[in-house]
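Undergrad: Sequence:
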Amino acid sequence: MLDNIEHLTPAQIVAELDKYIIGQNDAKRNVAIALRNRWRRMNAAENIRGEIVPNNILMIGATGVGKTEIARRLAKIADAPFTKVEASKFTEVGYVGRDVESMVRDLVEQSVNMVKQKKKEEVKVRAAELVEDAILDALIPPIQGRTNAPVSYTSEPGKMPDTDYELNERTREKFREKIRNGELEDRKIEIRVQQSAMPGVGALAPGMDEASMMNIQEMISGMMPKKTKKRKVTIAEARKILLEEEAAKLIDMDEVKEEAIFKAENSGVIFIDEIDKVASSSKKGGGGGPDVSREGVQRDLLPIVEGSSVNTKYGIINTDHILFIAAGAFHVAKPSDLIPELQGRFPIRVELNSLTKDDFYQILKFPKNALTKQYEALLMAEGVELTFNDEALDEIASIAFEVNSEVENIGARRLHTVMSRLLNDILFDVPDKISANAHIVITRETVQEKLAGMVKNRDLSQYIL
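Per the working numbering: the sequence shown = residues 1 to 465.
If you're looking for bench data, these hints aren't it; they were derived computationally from the structure. All values reported here derive from a predicted model rather than from experimental measurement. All clues given are correct.
PhoX-like cross-link-like pairs, simulated, lysine-lysine; straight-line CA separation at most 25 Å:
(1) Lys19 - Lys365
(2) Lys119 - Lys313
(3) Lys232 - Lys178
(4) Lys229 - Lys249
(5) Lys249 - Lys232
(6) Lys116 - Lys313
(7) Lys249 - Lys227
(8) Lys373 - Lys357
(9) Lys116 - Lys257
(10) Lys178 - Lys124
(11) Lys226 - Lys257
(12) Lys226 - Lys116
(13) Lys277 - Lys89
(14) Lys116 - Lys76
(15) Lys120 - Lys227
(16) Lys124 - Lys174
(17) Lys433 - Lys450
(18) Lys84 - Lys116
(19) Lys19 - Lys84
(20) Lys240 - Lys226
(21) Lys118 - Lys240
(22) Lys232 - Lys124
(23) Lys118 - Lys249
(24) Lys313 - Lys257
(25) Lys118 - Lys313
(26) Lys124 - Lys76
(27) Lys240 - Lys188
(28) Lys277 - Lys84
(29) Lys124 - Lys240
(30) Lys174 - Lys240
(31) Lys230 - Lys188
(32) Lys226 - Lys313
(33) Lys84 - Lys118
(34) Lys257 - Lys76
(35) Lys124 - Lys226
Here are the simulated distance ranges between beta carbons:
(36) Ala381 - Ser405: 33 to 43 Å
(37) Gln448 - Ser405: 11 to 21 Å
(38) Lys313 - Glu391: 53 to 63 Å
(39) Asn181 - Gln448: 49 to 59 Å
(40) Ile33 - Lys226: 47 to 57 Å
Glycine residues also receive a C-beta, built at the ideal position from the N, C-alpha and C atoms.
All chains, full assembly: derive it from the sequences and hints.
TA: So, in structure tokens, the structure goes:
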């Protein structure tokens with residue numbers, strides 16, 4: 001199940017994370033160790049395997065420094081079920097809103113989708129053959145009841161067919177070749193597709209959340225007879241529609257559920273963001289107001305994090321070995337404001353550093369998904385080549401760092417604001433005023449000219465409502 005990380009050592013995991021995230025080496029090291037430990041546990045002696053629990057991680061750092069990105073990239077490297085939730089969305093049991101168990105249900109849903117996709121790839125060839133037959137039947141319906149024996153025409157290709165059945169088979173074979181060669185992709189055919197059994201119910205019953213309502217709808221729709229309807233579509237569209245249906249028929253859903261629950265239990269990662277928003281800001285007297293609900297959410301989180309059984313529509317899942325990564329800025333509250341039991345369930349604490357001017361420069365230049373590379377790709381779609389000088393990148397980094405320092409520190413997200421302001425005119429003028437094959441170079445002077453107003457007016461921004 002975890003074979004894909006078998007050959008990735010902690011150092012190699014950090015190297016993979018370095019392709020997308022600049023700095024934060026301490027956080028990368030800890031998540032790399034946590035990921036490698038998942039594989040180590042699965043390969044440990046069976047008598048101790050169940051006793052090894054994951055070391056959950058608490059990331060502390062300002063917004064935009066890479067907390068969420070580290071967790072998301074980690075899950076992709078591991079090919080593990082991953083779900084991100086906001087702690088502030090949850091409410092205490094008894095209040096209207098989402099309960100904390102929904103995060104585990106979301107994780108299982110993600111795991112089922114991953115396993116289902118993998119199974120679909122395995123049956124793709126067989127499903128494609130069935131789809132080809134279905135399309136052929138829609139084009140040239142077979143003659144029924146003549147004979148089931150295959151007819152060979154290779155010996156006398158010039159001979160006229162003796163029967164209608166033989167003529168039908170020969171025509172079908174010719175059209176099969178045309179379908180395989182893609183000659184009939186735009187021809188329209190009539191196919192039967194499964195119709196959804198019932199529309200979504202708009203209103204929720206009192207005391208029921210959206211997930212429970214969806215489960216009831218799915219249960220009722222499963223009891224209803226499956227209806228089909230006729231649709232007239234091109235062969236290319238029919239292939240996509242029928243491929244999904246045929247692949248779903250070939251997959252054993254009981255096997256999918258079993259494998260998905262195993263995958264979620266042993267390699268699942270739940271990322272709880274904004275954990276500081278459910279911490280009481282300080283040990284104030286009185287204990288009234290929203291702090292009651294906040295502590296209630298923490299108490300509800302506790303059994304999930306320390307290990308419990310959660311009932312989902314795919315079966316019961318045990319959370320003992322799910323890796324939990326919590327993150328928060330902790331500007332107002334402190335980690336010690338969390339209830340002691342919950343603090344103890346996040347033994348590894350990692351403080352992420354605020355980004356420096358040099359970090360901004362590297363973020364613009366080196367990651368695979370750097371903003372500069374994204375804008376270059378967007379304009380290349382129009383046939384326009386965009387390049388940035390090193391001096392320009394340095395100036396952009398300097399402005400972003402300066403604005404963060406003096407207005408509000410929103411980390412790397414500030415670069416989105418700066419880059420959008422810088423390239424706004426160019427993005428508007430392509431392709432009307434700037435035609436294809438143009439080459440635009442962004443220099444330090446260009447940056448200073450475009451962003452002069454942003455730097456000059458930053459002190460006024462705090463007075464704008």
